[in-house]
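Peer 1: These are the residues of each chain, in order.
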Amino acid sequence: MDNVLNQIGIENYIFLSVILFSIGVFGVLYRRNAIIVFMSIEIMLNAVNLLFVAFSTYHQDANGQVFVFFSMAVAAAEVAVGLAILVAVFRNIGSIDVANLKNLKG
Amino acid sequence: MTTLIAITGLGVLCLIFEIFNLRKGIIPVTIIGLLATLGLTMSEYGTEASYYNNMIVVNNFSVTFSSLFIVLTTFIVAMSHNFYSNHPTKISDFISIKLFILAGAIAMVSFGNLAMYFLGIEILSIGLYVMAASERLSIRSNEAGMKYFLMGAFASGIILFGICLVYGAMGSFDVAEIASLSRSAELPAWFFIGVIMIVIGMLFKVAAVPFHFWAPDVYEGSPTLTTATMSTLVKVVAMATLFKLLVVLNAEMSYAFQMIIVVLSIASMTVGNIMALRQVNVKRMLAFSGISHAGFMLMTLLSLSTAAGTLLYYATAYSLAGIAAFAVILYVCGKNENEDIVNFHGLGKTNPVLAAVLTGALLSMGGIPIFSGFFAKLFLFSDTISAGYLFLVIIAVINSIISIGYYFKLILAMYGKEPNEERTGTPVLYYAVAVIAILLNIAIGFFPSLIMDLM
Amino acid sequence: MDTTLALVLILAPLFGFLLNIFFGKQLGKTLSGAIGTLTVIVSFAVTLYFFLNITETNQAIQVKLFDWIAISNFKVDFGFLLDHLSLLWLMFVTGIGALIHLYSISYMHDDENMHKFFAYLNLFVFFMISLVIGSNLLIMFIGWEGVGLCSYLLIGFWYKNQDFNDAAKKAFIMNRIGDLGLLVGIFIVGFVFKTIDFAELKTIVLEGTMNNEMWITIAAIALFIGAAGKSAQIPLYTWLPDAMAGPTPVSALIHAATMVTAGIFMITRLYFLFDLAPLVQEAIAVIGAITSLVAATIALVQTDIKKVLAYSTVSQLGLMFLALGMGAYEVAVFHVITHAFFKACLFLGSGSVIHALHNEQDMRKMGGLRKAMPITFITMLLSSLAISGIFPLAGFWSKDEILMTAFHGNPVLWVIGSLASIFTAFYMFRLMFLTFFNDFRGTEEQKKYLHESPALITFPLIILAILATVGGLISLPGNSWLNHYLAPFFPNKEHIAHALGQTEYILMAIATVGALVGIGFAYAKYIKQNQVPGADATFTGMSKVLYNKYYVDEIYDKVIVNSINGWSNFFRDYVEVGLSAFVFGFGKAANELSFQGKKLQNGSIGFYLFMFVIGFCAIITYLFIV
Amino acid sequence: MDISFLLIILLVGALVTFLAGDKMASKVALFFGLVSLGFTLYLLSLFNAGQNLDVTMAWITKPVISFSLKADGLAFAMLLLNGILTPIIILSSFGNEVKNAKNFYALILFMSFAMAGTFLASDGLLYYIFWELALIPIYFIALIWGNGDAEERKKAVVKFFIYTLAGSLFMLTAFIYLYGKAGSFQLEALYNLDLSADEQLWIFLAFFFAYAVKIPLIPFHTWQANVYQKAPTVGTMLLSGIMLKMGLYSVIRWQLPIAPMAAKEYMNIFIGLGIAGVIYGSIVALRQKDIKKLLAYSSLAHVGLIAAGTYALNLDGFRGAVLQMMAHGFVVVGLFFAAEIIYRRLDTRIISEMGGIRIQAPAFASMFMILVFASISLPSTFNFIGEFTVLYGLFQVDMWFAIIGGMTIILGAYYMLKLYQHSMLGETNTKIFKDVTFSEGLVLVSIIGLIMFFGFYPKPLTDLITPSLETILLQINR
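The listed protein sequences correspond, in order, to chains Y, S, G and C.
Numbered according to my numbering, the first sequence spans residues 83 to 188.
Numbered according to my numbering, the second sequence spans residues 131 to 585.
Numbered according to my numbering, the third sequence spans residues 3 to 628.
Numbered according to my numbering, the fourth sequence spans residues 303 to 780.
Derived by calculation from the structure, the hints in this document are not laboratory data.
It is possible that part of the hints are untrue.
As the list claims (entries may be wrong) - Pairs of lysine-lysine, BS3-like flavour, derived with a Cα cap of 25 Å: (1) G:Lys66 x G:Lys77; (2) Y:Lys187 x S:Lys465; (3) G:Lys601 x Y:Lys187.
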């Protein structure tokens with residue numbers, strides 16, 4: 083196992099997941115369609131999961147991989163709730179464009 | 131530990147009650163259960179224990195804060211009776227969700243492992259997303275839920291990344307180990323970055339500037355009872371957790387980091403107070419006031435070693451005042467579609483008791499003796515000055531002067547104006563909660579040592 | 003024994019005051035008048051007792067009741083000092099006071115508030131007594147301000163007339179200006195000498211250990227300002243003529259005989275201080291002389307009978323200050339006494355006239371009263387001769403003394419003084435002629451009711467006239483009983499009794515001739531040519547200026563009163579508003595900020611998240627990159 | 303038997319009054335007011351008998367705050383003022399129709415309680431707490447029972463509250479800072495600190511801001527006139543009669559001894575400020591149309607003089623200041639009550655709408671006149687004693703202070719006599735004005751009695767306050 087890390091080096095994993103994470107962030111910032119925003123958030127979380135696995139390998143320690151399961155479960159739950167809210171919103175205003183949610187301000 | 135189990139069990143019990151159609155019993159049973167749990171928790175005071183190889187660590191910090199959370203939840207549950215009276219079918223869900231939120235909160239203050247902390251915060255958050263959006267047919271509620279969910283999830287992502295980096299640096303999620311390691315070797319930069327990311331995540335939860343934008347909208351949009359939960363329970367939880375994180379992760383406070391805290395706390399209190407001045411919606415106003423109080427509480431992070439007691443006291447004072455205030459708001463705005471100040475006109479004439487309670491709550495938040503809010507500020511200031519941040523205290527003082535401006539706007543509305551509607555019905559539970567909360571507030575004002583000496 | 007008597011002396015009028023103020027209405031007019039008078043007579047009797055005592059024993063009596071005010075470096079007893087000076091003063095204060103009370107019983111009989119009048123008169127006597135017998139400066143100050151209060155009350159006695167009230171207010175405030183001076187004087191004295199008790203002060207100063215030139219001079223100035231306020235000297239004299247708004251007995255008692263002489267009393271009491279401040283004495287003399295001349299000139303053309311007398315009073319007071327300035331205190335005292343006699347008589351006489359004419363005070367509407375009211379005429383004639391300084395009446399001797407002293411001190415002042423007395427003679431007889439000679443110029447039914455006043459009025463007149471005639475005897479040049487009597491009070495002075503040399507006779511002659519000249523002029527103008535001053539409009543040139551009192555009042559109004567009111571308006575309308583706006587400004591600014599801030603909270607999730615990320619990046623950058 | 307019973311009585315009084323209900327409230331309140339007065343006198347007798355009445359109880363452990371009351375002569379003087387005026391003020395309101403009276407009178411007693419506490423507390427924080435507590439009742443009294451246009455009133459009252467609170471919060475900061483130094487809020491501990499000159503200056507200014515707003519000194523007085531005008535007369539009496547004195551008292555008790563160096567260094571500035579207040583207040587008062595505003599500005603002038611006396615830092619200045627505090631307290635209450643009586647009859651506060659009252663109500667006019675002359679400190683009134691002593695204290699600093707400050711006796715005479723002339727004298731106006739009722743007369747007579755008595759025999763008071771003032775002076779000159 084370790085040879086993999088030796089060949090590539092943990093830093094690169096970090097860079098990769100940082101990049102992924104940033105992509106997710108930008109997605110959240112720039113997309114207005116709620117679904118895509120969700121997916122961007124998922125990208126963020128999965129970037130982290132990737133890094134978890136990498137670190138767990140790096141440390142020869144299973145905790146990290148266990149944690150990934152936690153985070154997946156949590157992410158699933160979050161998205162479930164999120165979609166539920168989204169449906170409610172869609173029912174009410176007939177759109178899933180987050181830019182339309184501007185009634186509360188000032 | 132037992133607390134956590136008991137609370138979760140209680141939550142499940144609610145759902146079961148629903149199944150067996152014992153709706154009437156839910157709230158009484160819950161309250162009794164909560165009080166029992168409270169006793170149980172307090173009995174653990176003074177003991178240091180850890181369970182499931184340090185997943186959960188019980189110590190005075192966790193016990194005292196857990197007790198506070200339980201008390202707050204009890205109040206909130208008590209108020210749910212009237213609040214949900216018009217859709218009884220959902221009551222069990224709401225109650226149980228509240229209990230799960232409480233469970234999450236307790237997990238957050240008594241975690242011994244970052245995994246536990248993460249789960250706790252997520253349980254709390256997800257529960258809140260649901261509660262925020264729980265008025266299915268109200269656009270405002272939906273919007274609030276949506277906003278809260280998106281930003282919350284975003285924050286969770288950042289926290290997760292932080293945890294990951296910390297893990298990467300330390301190779302463990304166990305805070306004890308992390309603490310010991312962080313003292314020893316030279317640490318990779320990720321560690322600090324990770325800590326900062328976690329902290330920022332928490333700053334989002336406590337709604338500190340510039341991570342506060344969600345708060346006013348969400349507070350305003352959510353059903354009032356949920357707002358009450360957020361502005362009292364959740365804020366306190368997040369603050370306590372942030373405090374605990376910084377203590378256990380033992381990230382020795384570099385000067386730069388302290389500067390960050392100072393700047394953020396100044397920004398939070400100032401922005402919060404200034405923005406609150408022109409608000410007409412009471413919930414929104416209290417949201418901003420909550421932001422400013424978050425700023426105040428951040429000051430405790432400048433003297434981590436000593437300020438635990440102060441934080442607890444401030445949290446108690448603030449949240450009790452908040453509960454009292456929201457009890458009144460719930461009563462006054464129960465049947466109105468909005469919570470504008472006009473609804474409070476002449477409350478002093480129609481419901482002198484509630485008016486008095488709300489006045490007391492606001493005075494407490496404003497920091498007027500003999501209410502506990504004053505002592506909270508006092509202790510906070512004296513800690514901060516002895517930590518050497520006089521100028522910060524002076525700015526805080528100026529802020530508390532500003533804050534009087536909008537607190538008194540409400541008081542004036544209650545006493546200075548003529549009632550524009552006759553208010554019928556005296557929901558006993560609202561009255562009870564309001565009065566008890568304010569009395570507790572005053573009581574700990576008379577005997578601050580009760581709280582201060584717990585830590 | 004002495005203590006109790008002293009208390010009786012001072013408390014009797016107070017008792018009368020309380021009785022009249024509370025039960026006056028029930029008592030009825032005559033009774034309340036009687037009580038008022040009796041209480042003063044009691045005081046007079048006690049005074050007499052003490053007076054006779056002291057002439058034998060030469061022992062001043064000290065009475066200490068209790069500690070009054072606690073001051074860090076001197077103590078203030080509540081006590082009285084009955085020495086030669088104060089007893090002498092009390093004699094004519096209570097004596098004349100009693101007479102005037104008597105007079106008032108009849109004079110005020112038609113007034114609904116007669117009991118109040120007597121109450122105030124008694125109160126005045128009470129305060130006047132405490133002024134005179136106070137054992138230290140502060141007790142004197144009680145009386146000092148107390149008499150001011152009473153004069154306020156009595157000038158404004160007919161309080162329905164706001165003009166009278168204005169006059170009263172003016173009198174009080176002008177006195178207050180002087181009082182501030184006196185107060186400062188007291189401060190300095192207490193500060194320098196560590197005591198304000200007259201007796202102690204005297205001993206300290208006469209020991210001569212204390213020679214603090216600068217302070218003593220300042221103190222003397224301050225005290226003189228006080229005296230000037232009370233005794234109506236330039237520049238604080240304008241209140242006295244206005245004070246004539248009060249009932250005539252008041253003018254006689256307060257604004258001629260007693261209160262206005264308080265300044266002279268005070269300076270005499272503290273003569274030892276003034277002796278140490280020659281510069282100030284100079285100033286006093288000069289101011290006194292000028293005052294006497296200015297007042298006399300104004301009196302020349304006044305047409306209101308009481309105004310003439312008022313300005314004559316100011317002028318006479320000026321002469322007294324002239325004497326004080328020359329250091330001839332006993333002379334001043336002498337003139338105070340004689341002046342009290344004849345001026346009181348004149349005022350009461352004028353009162354009797356006014357009474358007869360139903361409150362007509364304008365001399366242009368009088369005349370020919372000689373036959374109608376002979377007693378009034380005779381008494382006033384005697385007094386006028388006295389004040390003009392005709393041998394051998396009281397005025398002659400006292401005024402003569404003053405002029406002699408002036409001559410020896412500073413001839414210029416002597417000239418001024420003599421001039422003043424010539425004018426005095428003129429305007430007094432102008433008054434007499436216009437009032438009593440030729441034929442009556444009033445309305446017909448006034449003429450019908452012309453009558454001599456009742457006995458209660460004429461009796462005091464007669465007494466005073468007699469005194470005005472023979473009063474000079476108490477201090478004849480050569481052997482002066484007065485000087486001899488006062489000698490113990492001036493231990494350090496070998497008193498100057500002008501040996502009657504050639505110069506003195508010449509001076510006397512000049513004075514007499516001057517007086518006669520003045521009278522002559524008056525005779526020529528008002529009997530021979532039978533002139534009568536025309537309507538106010540007709541005055542022109544110098545006489546117009548004089549008739550308008552050199553426009554001093556107007557100037558004061560323009561310069562002082564208006565400017566103060568202007569400031570007041572300015573402060574009220576601008577400064578106050580500005581300050582208030584400034585304070586509110588903070589609130590407004592905060593609100594404005596809040597209003598702008600609301601725009602930031604624009605409800606867009608994208609923006610919120612954007613700020614989130616910005617904050618995040620800022621923190622990371624701050625911590626790790628820089 | 304110790305001093306804390308006094309506070310308990312007042313607090314219980316407030317509670318009972320609240321429970322007594324609107325019918326009985328006024329009488330109950332009066333009863334308790336009198337009881338507290340009687341008890342004050344009783345304690346005073348004990349105190350003069352040399353008994354120690356101080357209390358100290360541990361209260362808060364971290365930071366160390368103790369419930370400690372200290373009764374020395376100075377405190378007793380102020381307690382007397384409070385104890386005498388409270389029943390008088392309550393009695394003065396008997397002529398008015400007070401709606402929901404129970405709250406009204408309860409608040410009055412509560413305020414009296416808070417003020418008594420302020421005068422007694424010897425622990426900095428306890429003192430601060432009482433200081434703030436006194437603010438709450440007057441806020442509500444002025445807001446709810448006040449008169450005039452509601453919006454205007456609100457603006458004025460809120461301004462007053464925030465302004466004073468702002469001041470006192472800086473005082474709180476100063477206290478906390480001192481605590482950091484001394485490790486205790488106890489008066490002695492704070493006295494014995496040795497602070498650097500700069501520290502003292504800042505502390506001094508922090509306190510000064512609090513007191514300057516409360517007293518008020520120019521230019522911090524903008525709240526005063528409006529609040530006096532808008533508040534119900536009872537509120538105005540409480541403010542001007544007692545509450546202002548809290549500020550002046552605190553200057554002597556806290557500000558000067560804690561920061562003596564600064565006090566000495568900048569003495570002339572602060573005396574100057576006070577004196578300026580005298581002139582300014584008097585001049586502004588000249589042209590006021592509203593009687594309550596006029597009295598407000600006259601009060602501004604008087605407290606300016608008192609403040610100058612306190613900053614003069616000598617025994618006479620202090621003693622005079624304390625005496626004048628009491629004297630002014632009595633007189634100003636009397637005057638405001640007179641204004642209230644006129645308002646009850648004529649329903650106006652505009653001076654030009656009055657006049658000729660003396661003809662119809664001689665008794666009232668006479669009493670009013672006595673008050674007027676007392677307020678311009680005619681000798682033989684209590685005010686003269688105070689003012690004379692203060693002026694002499696100022697004189698010891700600099701003659702010109704005494705002279706300019708002394709202007710008050712001239713300007714004061716001017717505007718007060720003007721007020722008297724245009725309200726009481728002159729031709730009667732058509733309205734009927736019936737003379738004082740029994741309770742009104744009682745109030746005025748008792749005030750006048752006090753003024754006259756102490757005017758001739760102030761010895762008991764001076765003997766009472768002198769020792770404590772001397773100790774404070776020692777503290778300052780340490």
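Peer 1: All hints, please: hold or fail.
Peer 2: Comparing the hints with the structure gives:
1. G:Lys66 x G:Lys77: holds (12 Å)
2. Y:Lys187 x S:Lys465: This hinted pair holds, its Cα atoms lying about 23 Å apart.
3. G:Lys601 x Y:Lys187: Distance of about 8 Å is within 25 Å: holds.
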